[in-house]
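**Q** Those sequence lines, one after another, are chains Y and L.
Counting in our numbering, the first sequence runs from 1 upward without gaps.
Counting in our numbering, the second sequence runs from 1 upward without gaps.
Worth flagging that the hints you see were computed from the coordinates, not collected in a lab.
Be aware that a few hints might be false.
As the list claims (entries may be wrong) - Subject to a maximum C-alpha distance of 27 Å in a straight line, what follows is the list of computed DSS-like cross-link-like pairs (lysine-lysine):
#	chain 1	residue 1	chain 2	residue 2
1	L	K94	Y	K238
2	L	K54	Y	K305
3	Y	K302	L	K33
4	Y	K302	L	K54
5	Y	K238	L	K114
6	L	K104	Y	K40
7	L	K114	Y	K40
8	Y	K55	L	K54
9	Y	K16	Y	K125
10	L	K111	Y	K305
11	Y	K183	L	K33
12	L	K61	Y	K302
13	Y	K52	L	K33
14	L	K111	Y	K302
15	Y	K182	L	K33
16	L	K61	Y	K183
17	L	K111	Y	K40
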Amino acid sequence: MICTGCACLCEDIEIKDGRVLNACLRGSSLIRNLNGNRAKARVDGNDSTVEKAIKTASELIQSAESPVIYGLDTTTIEAQSLAIKMAEKVEAYLDDSSTYCMGPFVEMILKGEVPSTTLDEVREKADMTIYWGADPFHSHPRHMSRFTYYPRGKFRQKGWEEDRYLAVIDVRDSHTSSLARKKVIVRDDDDFMNALITLLRGETPSAYLKDSAELVNRIKKSEFGVIIGGLGLRYGLKNLNLLRDLMKELNQVSEFYFIPMGCHPNMRGFNETLYERTGEINRYSFRDGRSDPEYSFSSIVKSGKNDVVVVIGSDPVSSLPYDISSSLGRSKLIVVDPRETLTTEIADVVIPSSYSGLETGGTMKRIDGVEIEFKPEKEEELNDVYILERLMEGV
Amino acid sequence: MVVVRNAFQMERADHGKRDEGYIELSSSIFFRKEDLKDFDLSEGDTVEISRDGKAIRMKVKTDDTAPEGGAMIFNSIYASQVSTMDDFKRFNAKIKKVEGNPTKLDEILRKFEKK
Ligand code: SF4
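Model the full structure from these sequences, guided by the hints.
**A** Right, dumping it as structure tokens:
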């Protein structure tokens, strides 16, 4: 079984005598609680049949003048492709959570602006891992044990004890930083990145001299390094050009890659699927045929340009700032989700689905872009692909 | 204030976002023990976190992974009441001790009711 608890997509999960083996706390909790808190079909707050919910949703989408489709990071590439087709057909705005998460980093990778690699390569070769604004201990609990720090790699047989060096850069102490050989607490990510670049260029930085010098000395001794950038870096780094410059300088003294720490199981799949179709990774308007910050889910919903919102496998009422989520009630809201969420609570139409990957097959892309195929033992018929096909029939 | 992910809170989310354990963790604000005195707070106090006319009440707890001189909250609808799109994960807010309990989830959700 493959876990979809986070974007690590761990492929070694087993269920024996009702016990979930190999998964972390998050993964085992997800799998053990699959049957609880399931979404029920509703229309206008009243219980409904799935058929009626799909029909109502389809009619709403059909008559919409300005629909928005959002979410899709927890579903399969097959469902994402259908959602893109539907967005094209009804000239919708289309966005996912990467706009507020790893989008800018993934875009740089897809456009070849920063070098990236796979986590399998990291496991076999990396002697230096830098988590920057990331706390995998909580967000991706098996990231370090499967890929970066604890495993014995083909070229790193002595593992973390001798062969691997772990550094953490963050605004605070974290459970991950407590395991690191080197931790740097930063107030300003741009300043620290600048300090590293300056030192790598052989000059003296004006801030963070001690910490940056220690880190750069270690970097110069490494053969294969990786920076894993999390949400802390995404929101802390104001000048993205610094990351391009840093990766360039690092590769003058060693071999260094960047991997974004996306959380949702198939955010990367959404970005790549949309990129293949349009050359853009998110916040796309099929009416205007281009991507723009003003087409992000938050901008559209806040501006009130939309009359129907379709949320698939996401809970924006919980995760997005109130300034944005409070505008969701201004238009018709359709939610497709396997479970009840705070967004299903305020939705006009709720269509229950199954858990992609766990109850229905398909493909997803791991955090590093590696494609993972899901073949669960039992296939639920009511899944995102089926629902999207039915919605498409109506439009 | 920093907004972070926490595995124990996310584990409770799998029981539903109305799960008591999930709500308790989501409505908690964490300080380093040594910082509490500077903020004139004690563990168990209720505080109001406010900025730009938005406010939420949370329960004070301690954790040694909170930022020095600041506070940490977990990603949830509680954090979303005071965050903005521009500074989603790190922002400045006012904190003051108040009477009563953390804001109830239904109190927050009432704001979403269609008029
Ligand atoms: S690390 Fe992520 S994918 Fe792996 S078991 Fe834990 S939650 Fe599941």
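**Q** It remains to establish, for every hint, whether it holds in the given structure.
**A** Structure-based check of each hint:
Restraint check for K94(L) and K238(Y): the C-alpha separation of about 24 Å stays at or below 27 Å, so the hint holds. With a CA separation close to 24 Å, the supplied pair K54(L) and K305(Y) stays within the 27 Å bound. For the given pair, K302(Y) sits about 39 Å from K33(L) by alpha-carbon distance, which is inconsistent with the 27 Å threshold. Between the alpha carbons of K302(Y) and K54(L) the distance comes to roughly 17 Å, so the proposed pair stays at or under 27 Å and holds.
Only pairs whose Cα atoms come within 27 Å are accepted, and K238(Y) paired with K114(L) is rejected, the gap being roughly 37 Å. Among the hinted pairs, K104(L) with K40(Y) is consistent with the structure: their alpha-carbon atoms are about 24 Å apart, no more than 27 Å. A distance of roughly 20 Å separates the Cα atoms of K114(L) and K40(Y); the hinted pair therefore holds under the 27 Å criterion. Of the pairs offered as hints, the one joining K55(Y) and K54(L) is violated, with about 38 Å between alpha carbons and a cut-off of 27 Å exceeded.
For the suggested pair K16(Y) and K125(Y), the alpha carbons sit about 33 Å apart, so the restraint of at most 27 Å is broken. Taking the CA atoms of K111(L) and K305(Y), the gap is about 21 Å. The hint holds against a cut of 27 Å. Taking the CA atoms of K183(Y) and K33(L), the gap is near 21 Å; set against the 27 Å cutoff, the hint holds. Taking the CA atoms of K61(L) and K302(Y), the gap is near 34 Å; set against the 27 Å cutoff, the hint is violated.
The suggested pairing of K52(Y) with K33(L) is violated, with an alpha-carbon distance near 54 Å, which exceeds 27 Å. As the CA atoms of K111(L) and K302(Y) are separated by approximately 16 Å, the hinted pair is consistent with the 27 Å bound. Note on K182(Y) and K33(L): the hinted pairing holds, with a Cα-Cα distance of about 24 Å set against a maximum of 27 Å. Taking the CA atoms of K61(L) and K183(Y), the gap is about 25 Å. The hint holds against a cut of 27 Å.
The straight-line distance between the Cα atoms of K111(L) and K40(Y) is roughly 23 Å, inside the 27 Å bound, and the hint therefore holds.
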